[in-house]
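Number of protein chains: 2
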Amino acid sequence: MSHTVEILSVGTELLLGNIANTDAQMLSQGLSALGLNVYWHTVVGDNPQRAKEAVELARKRADIIITTGGLGPTCDDLTKNVLAEAFGKKLVYDEESLERIKAYGKATGRPLTENNFQQALVPEGCTVLTNNWGSAPGCAFEADGVHVIMLPGPPSECTPMFRYRVVPYLHALSEGVIASHTLKLFGIGESAMEAQLRDQMNAMANPTLAPYAKEGECELRVTAKAPTMEEAQALLLPKVEELKQHFGALVYGVDVPSLEFVVENLLREKGLTIGTAESCTGGLMAKRLTDVSGASQVFKGGIVSYTNEVKHNVLGVPQELLDQYGAVSAPVAQAMAEGARRALGCDIALSSTGVAGPDKDDWDNEVGTMFVAIATPEGTHVRALHLGNRPVRARLRTQTAHHAFDLARRYLSGLSLED
Amino acid sequence: MSHTVEILSVGTELLLGNIANTDAQMLSQGLSALGLNVYWHTVVGDNPQRAKEAVELARKRADIIITTGGLGPTCDDLTKNVLAEAFGKKLVYDEESLERIKAYGKATGRPLTENNFQQALVPEGCTVLTNNWGSAPGCAFEADGVHVIMLPGPPSECTPMFRYRVVPYLHALSEGVIASHTLKLFGIGESAMEAQLRDQMNAMANPTLAPYAKEGECELRVTAKAPTMEEAQALLLPKVEELKQHFGALVYGVDVPSLEFVVENLLREKGLTIGTAESCTGGLMAKRLTDVSGASQVFKGGIVSYTNEVKHNVLGVPQELLDQYGAVSAPVAQAMAEGARRALGCDIALSSTGVAGPDKDDWDNEVGTMFVAIATPEGTHVRALHLGNRPVRARLRTQTAHHAFDLARRYLSGLSLED
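Read top to bottom, the protein sequences are chains G and F. Taking my numbering, the leading residue of the first sequence gets 1, the next gets one more, and so forth. Taking my numbering, the leading residue of the second sequence gets 1001, the next gets one more, and so forth.
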């Protein structure tokens, strides 16, 4: 399929800046992965006139229109009314949706009003996209050569609705299947990665190769189209293998969400536990490890030692090291990791210490000077980082945590700890 | 001023979903605070034809067009070329920008190419918006009754450019000044807040009142327009006082970024220190406290005790309590906070323990059952929470941390600890 997509988001809260348009981002990612071209995002408020203008524009320049928001009772089902009118569709009650709305009201204990039942009105002849994650159903229809797909706005509904309702619908439109794999890399910049691949990227047609940069990490997405899933995978897998060979230890996983997810999977496989000792990252490493559900199987705990006193008293970092080298130093990073391993009783421990800014520390270390360490039964390894002095505190902390997790996944995979 | 704004974002990375359009959110917030009506957001890729179409549309339906992105060398300064052509402006070199680009290249050690110097080309007769946060300058001009403002795309440049360059430019367009204050509330839902205010909100014209919900917190923004700043403040301040009286202890601050920021300011004022003991929040409380720069003056450290072993060994929670009540219990929350106070040597300590999901714990506690505690020199107080069982791990963790910080700000402000 070679379709052109416009994402039309309806919601005054977007125009007031109360929320970012993360629905459009999620949909764009998913549609790009399917090989569809998203050419326009448009946002309008809960205003029938401007919504109508936006629909009239979109139908001229796109052949798939995906709307988000404007389906609930507070906006009088604005999106549905405007789209139905624009494409000359009558609204009719969908019995299953009516039942579902009644059941939802009962389950949440909320009294239902006439407005709620109007949510069960859908354009005649459409495909109803059942909403198991909220009350308003989505729907899809084709008219005048344009596919219209309407989704609820809350990301907790829009995301699963896209994945479980829209992706199968779009696959059914296609003559073949589109499949992709994503390699995740750490330790190489996007421009360096792109430079190595540019020639083959330009030469490739099926599969295609697309690089992305993401908060200090890189992704390489390989996408293929074929009549069947087997054929698509047959096109993809040799290319994925080739790229894994080419980038070697820089690839930390394929189709995985994050470094910490990979680390926790490796720990689970090996029956090992982890703990953290954090200074500059201030709890971010522990927070990221516990973002993953099921973390309690492998994560024992962490110590955030923001003062020398806590480094000494809780982690047992010798006072001499703190006095001689300062808190931001390789010996202190090492002693922190070893102290965490002891105090928390974990198999491996990660530590961080550094200057996240905005100012230099008392020892005149520049902002961006960081040390991360891993303590293991076989010994401790320290990595020194110079992350540049642009004073972006959040970015420096994120990068530092990435590096600590990279040490863990290299250790657990039997790779060299040098990057 | 009663202007209509369109935000036009240029960038293929937005259409691929690599990033969310946070620039549009930030601009929308700032423009709404100025009393300007944002009616459209549009996103196009790095494609001259579609960018041109978007500009032709925008100039018909808005009288202020703010663009983000498409200014750098990698996209051939697409936005600037398209806008200059659309409004019939020649591009000329801006001497100061040329010097600045040379200096920037020198400071960052990057070699400069012809492309870099093209960034110093600006539409003839425009106001150059100096970029102190990156290399590409912004610019603003007025033509055919439309104000065009171009900003760089990276949020680390776009945000300060808006605040320090665009806001003053827009103020100069206005005949009066617009000023606003934002009350931050915790412990009340948006709908309950709105219900109490609906009648006066509808009756108010100047100042106006707008409620917002934000991740379990609420905001009330009061905005006034007047010929001078003094007159605007004279309209605002009595209303702000009245709302503070009305909502009492639920208001945690005016014009402040977050609960943790307020807590750290109160600690600094009183010369006290804080520490954390976290189970279900897994480091989030420490991470949020250390997101604020200058945290090291008041934050000593934290212990993430994800296992009973760490609760007992590091925090000194008595084994009998863990055996008798389970880890998710008021007595354990209390012992964790008191243990953190002891171990970290801080004046006050916050703790959290609960079930963040996705599943019930071994003691059959429902997801969303949480306890937070504060240990102080005068004793310890525990707050039990039942945050509902919709399995949204991140939301439950955020809310739990809010409640712990709320205990701290109430204690430090001499308010009742009951919510």
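Do not take every clue at face value.
Capping the alpha-carbon separation at 20 Å, the derived lysine to any residue pairs in SDA-like fashion look like this [unchecked claim]:
id	chain 1	residue 1	chain 2	residue 2
1	F	Lys1060	G	Arg50
2	G	Lys52	F	Arg1061
3	F	Lys1360	G	Lys214
4	G	Lys214	F	Leu1016
5	G	Lys214	F	Glu1013
6	G	Lys60	F	Arg1061
7	F	Lys1214	G	Pro155
8	F	Lys1360	G	Val292
9	G	Lys52	F	Glu1053
10	F	Lys1214	G	Asn18
11	G	Lys52	F	Tyr1039
12	F	Lys1214	G	Ile19
13	G	Lys52	F	Leu1057
14	G	Lys52	F	Lys1060
15	F	Lys1214	G	Ser156
16	F	Lys1052	G	Ile19
17	G	Lys360	F	Lys1360
18	G	Lys214	F	Ser1156
19	G	Lys60	F	Glu1053
20	G	Lys360	F	Ala1107
21	G	Lys60	F	Glu1056
22	F	Lys1052	G	Glu56
23	G	Lys360	F	Leu1016
24	F	Lys1270	G	Thr307
25	G	Lys214	F	Ile1019
26	F	Lys1060	G	Asn47
27	F	Lys1214	G	Asn115
28	F	Lys1052	G	Arg59
29	G	Lys52	F	Ser1156
30	F	Lys1360	G	Gly145
31	F	Lys1052	G	Leu57
Since the hints were made in silico from the structure, they are not lab data.
Here's how the hints hold up against the structure:
no.: 1; hint: F/Lys1060 - G/Arg50; verdict: 13 Å, holds
no.: 2; hint: G/Lys52 - F/Arg1061; verdict: 14 Å, holds
no.: 3; hint: F/Lys1360 - G/Lys214; verdict: 34 Å, violated
no.: 4; hint: G/Lys214 - F/Leu1016; verdict: 13 Å, holds
no.: 5; hint: G/Lys214 - F/Glu1013; verdict: 11 Å, holds
no.: 6; hint: G/Lys60 - F/Arg1061; verdict: 18 Å, holds
no.: 7; hint: F/Lys1214 - G/Pro155; verdict: 14 Å, holds
no.: 8; hint: F/Lys1360 - G/Val292; verdict: 16 Å, holds
no.: 9; hint: G/Lys52 - F/Glu1053; verdict: 19 Å, holds
no.: 10; hint: F/Lys1214 - G/Asn18; verdict: 8 Å, holds
no.: 11; hint: G/Lys52 - F/Tyr1039; verdict: 13 Å, holds
no.: 12; hint: F/Lys1214 - G/Ile19; verdict: 9 Å, holds
no.: 13; hint: G/Lys52 - F/Leu1057; verdict: 15 Å, holds
no.: 14; hint: G/Lys52 - F/Lys1060; verdict: 16 Å, holds
no.: 15; hint: F/Lys1214 - G/Ser156; verdict: 15 Å, holds
no.: 16; hint: F/Lys1052 - G/Ile19; verdict: 28 Å, violated
no.: 17; hint: G/Lys360 - F/Lys1360; verdict: 45 Å, violated
no.: 18; hint: G/Lys214 - F/Ser1156; verdict: 15 Å, holds
no.: 19; hint: G/Lys60 - F/Glu1053; verdict: 12 Å, holds
no.: 20; hint: G/Lys360 - F/Ala1107; verdict: 18 Å, holds
no.: 21; hint: G/Lys60 - F/Glu1056; verdict: 16 Å, holds
no.: 22; hint: F/Lys1052 - G/Glu56; verdict: 18 Å, holds
no.: 23; hint: G/Lys360 - F/Leu1016; verdict: 38 Å, violated
no.: 24; hint: F/Lys1270 - G/Thr307; verdict: 19 Å, holds
no.: 25; hint: G/Lys214 - F/Ile1019; verdict: 8 Å, holds
no.: 26; hint: F/Lys1060 - G/Asn47; verdict: 18 Å, holds
no.: 27; hint: F/Lys1214 - G/Asn115; verdict: 25 Å, violated
no.: 28; hint: F/Lys1052 - G/Arg59; verdict: 18 Å, holds
no.: 29; hint: G/Lys52 - F/Ser1156; verdict: 35 Å, violated
no.: 30; hint: F/Lys1360 - G/Gly145; verdict: 49 Å, violated
no.: 31; hint: F/Lys1052 - G/Leu57; verdict: 15 Å, holds
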